[in-house]
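Q: Here is what each chain is made of, one letter per residue.
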Amino acid sequence: MADENNGKNGKVGLVDRVKDDIQAMKVDIPAKAKEQIEGLKDPTKTQVYTSIFRHKHDDTPRNRALGVLSNVFLHLHPAKINRDAVRYSFTWGMGGITFFLFNILTYTGVLLMFYYHPSKVQAFRDVLYLEHDVPFGKILRNMHRWAAHLMVIGVWLHMFRVFLTGSYKKPREFNWNIGVLLLVFTLLLSFTGYLLPDDQLGFWAVTVGTNMARATPLLGHEGPFGSMLGMTPYNDVRFGLLGGSIVDANALLRSYIWHCIGIPIVASILMIVHFWRVRKDGGISGPAPVMLEAEADKPRRGPKAAGE
Amino acid sequence: MAEPESGKPSPNPEAAKPAAPSAADATKYVGTPAVGTSKAAAAAGLSSPGPSNTEIDQRRRRLVWVAVTAFLTAWFLAFFRFFLPRTLFEPNTVFKIGYPSEFALGVDTKFQQKFRIWVDRTPDRVFVIYARCTHLGCTPDWKPSENKFKCPCHGSGYDSEGINFEGPAPRPMDRAHVELAPDGQIIVDTSRLYQWPKGQPSKFNDPGAFLTGV
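These protein sequence lines are chains A and B, in that order. Following my numbering, the numbering of the first sequence begins with 251 at its first residue and continues without gaps. Following my numbering, the numbering of the second sequence begins with 35 at its first residue and continues without gaps.
For the record, the hints were derived by calculation from the structure and aren't laboratory data. All figures in this text were calculated on a predicted structure; none of them were measured in a lab. The C-beta atom is built at its ideal place from N, Cα and C for all residues, glycine as well. Any given hint might turn out to be false.
Said to hold, decoys possible - Output of the computed footprint for chain A on chain B, the stretches with three or more beta carbons under 8 angstroms from beta carbons of chain A:
1) 107-118
2) 236-246
Said to hold, decoys possible - Computed beta-carbon distance windows for the label pairs:
3) His399(A) - Thr107(B): 50 to 56 angstroms
4) Leu431(A) - Asp217(B): 37 to 43 angstroms
5) His382(A) - Glu180(B): 35 to 41 angstroms
6) Gly233(B) - Thr482(A): 22 to 28 angstroms
7) Asp334(A) - Ala104(B): 48 to 54 angstroms
8) Phe349(A) - Gly242(B): 30 to 36 angstroms
What the hints assert, rightly or not - Derived DSSO-like pairs (lysine-lysine); straight-line CA-CA distance at most 30 angstroms:
9) Lys148(B) - Lys370(A)
10) Lys370(A) - Lys73(B)
11) Lys291(A) - Lys269(A)
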């Protein structure tokens, strides 16, 4: 191209090219405009749309499955599930409610972080500030508090349901264990959040809780074999948790970091595994499939019906 | 794969013919091979770009795994060591509390807030109780009207000398090391505690656990 313009008629070459471009635009622009108008009429035909949603939305079993499978969030869930297994009287909806509460806690928690300083001087003042002055601070803090209580209850009820319906049995043993870990992390989130207001209740609760860590076997200085391994109040597991020998500024900061970053990340990863395993282990366990009486004489849907 | 020499005529003998290429044909391609592939290398007259020896080198593999494991282990240990700080910014455990004559018979709570101790004088001794419940570490309250210490957390009760008599506390409250400074003041060290564990001999009569004749 550069060679073409190098000759004595460089200017002519340029003019020719501009003419060509204009000619091309005369064809292109109406075509583009037509495409735009058609896109407005039917957005599902546009390239932008098809790049995001990669399958059709006709109501066929295939598309319904693809709608779940091709979505990064929904693909963790079963594409299809037995109607009776999602009956609320069977599941109690407790796993979903627990996850919903976790989302509320994440949202309100992040907002609370904007006004909270994890230091001994400011922490309690910030809580008072949130309660009495920050716009919507009171409702955010109380939503966080109540959702936290309810999440612990939700996890227990979810486990209770899973136990009662035998859903911890083969092939779901692995997911039960992930669930037990999630229970532990839920309780740890609760416990680390307890200290953050830096009030008398939280302070003494964490004092009591971490004093129990003194009696940890091997790793606690008052626990079995602890002193034999050279554990003292200045190098044992409690010291590592508190960042000191007393519940003080280091403990507050550590509590804050575990509460806001460390444990939520680990718990989120475990939740992803947990939800994904529900699907991989055969979906929500459930009672034997039943048909509605009204459907008993109708052909069943799906490939089986097509084959008959 | 079509069955060779089965006696039956192949369903499509014309199509089957080019399926038996000569050795020379194996390096011929249609179009330009993608850059960086083994086909491109072969087209350029190079031998295979991969390792000449395709066997697994067990020694090298073991070395790689050992290196990876050692690296991760070192970081894992460093992660835990990181949580044990070397320097602490905590209140000093050794401090002076004044002259013995300043403490009257009974329990004195004036250093509870500042040093977490009570100074206790009996007819023959002065000793310092470390104000930490032996159950789970809360600070009990001195109840003068009931002449006892009562822990607000789980209800452990101690008499005026810190001896447990009710609630979950497993042993009397610990006593801190006390001695007289050259200037006559009492020096307390709460990092040196004297205990009376359940079913074991009491350390409360050890030298340093109390002052006498003051």
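Q: Now look at each hint and say whether the structure bears it out.
A: Now for the hints, and whether the structure bears them out:
1. Counting residues of the stretch 107-118 of chain B whose C-beta sits closer than 8 angstroms to any C-beta of chain A gives 3, which meets the bar of three, so the coverage hint holds.
2. For the stretch 236-246 of chain B, the stated coverage by chain A is violated: 0 residues have a C-beta nearer than 8 angstroms to a C-beta of that chain, whereas at least 3 were required.
3. Between His399(A) and Thr107(B), the C-beta spacing of about 40 angstroms breaks the proposed range 50 to 56 angstroms.
4. Separated by about 59 angstroms at the C-beta atoms, Leu431(A) and Asp217(B) break the suggested range of 37 to 43 angstroms.
5. For the hinted restraint 35 to 41 angstroms between His382(A) and Glu180(B), the CB-CB distance of approximately 38 angstroms keeps it satisfied.
6. Roughly 23 angstroms separates the CB atoms of Gly233(B) and Thr482(A), a value that falls within the hinted 22 to 28 angstroms.
7. Taking 48 to 54 angstroms as the suggested C-beta distance range, the pair Asp334(A) and Ala104(B) conforms, at roughly 53 angstroms.
8. Range check, Phe349(A) to Gly242(B): Cβ separation about 58 angstroms, and the 30 to 36 angstroms hint is violated.
9. Taking the CA atoms of Lys148(B) and Lys370(A), the gap is near 17 angstroms; set against the 30 angstroms cutoff, the hint holds.
10. For the suggested pair Lys370(A) and Lys73(B), the alpha carbons sit about 67 angstroms apart, so the restraint of at most 30 angstroms is broken.
11. For a cut-off of 30 angstroms, the pair hint linking Lys291(A) to Lys269(A) is broken: about 33 angstroms separates their Cα positions.
Going down the numbered hints, you'll see the structure goes against 2, 3, 4, 8, 10 and 11, while the others check out.
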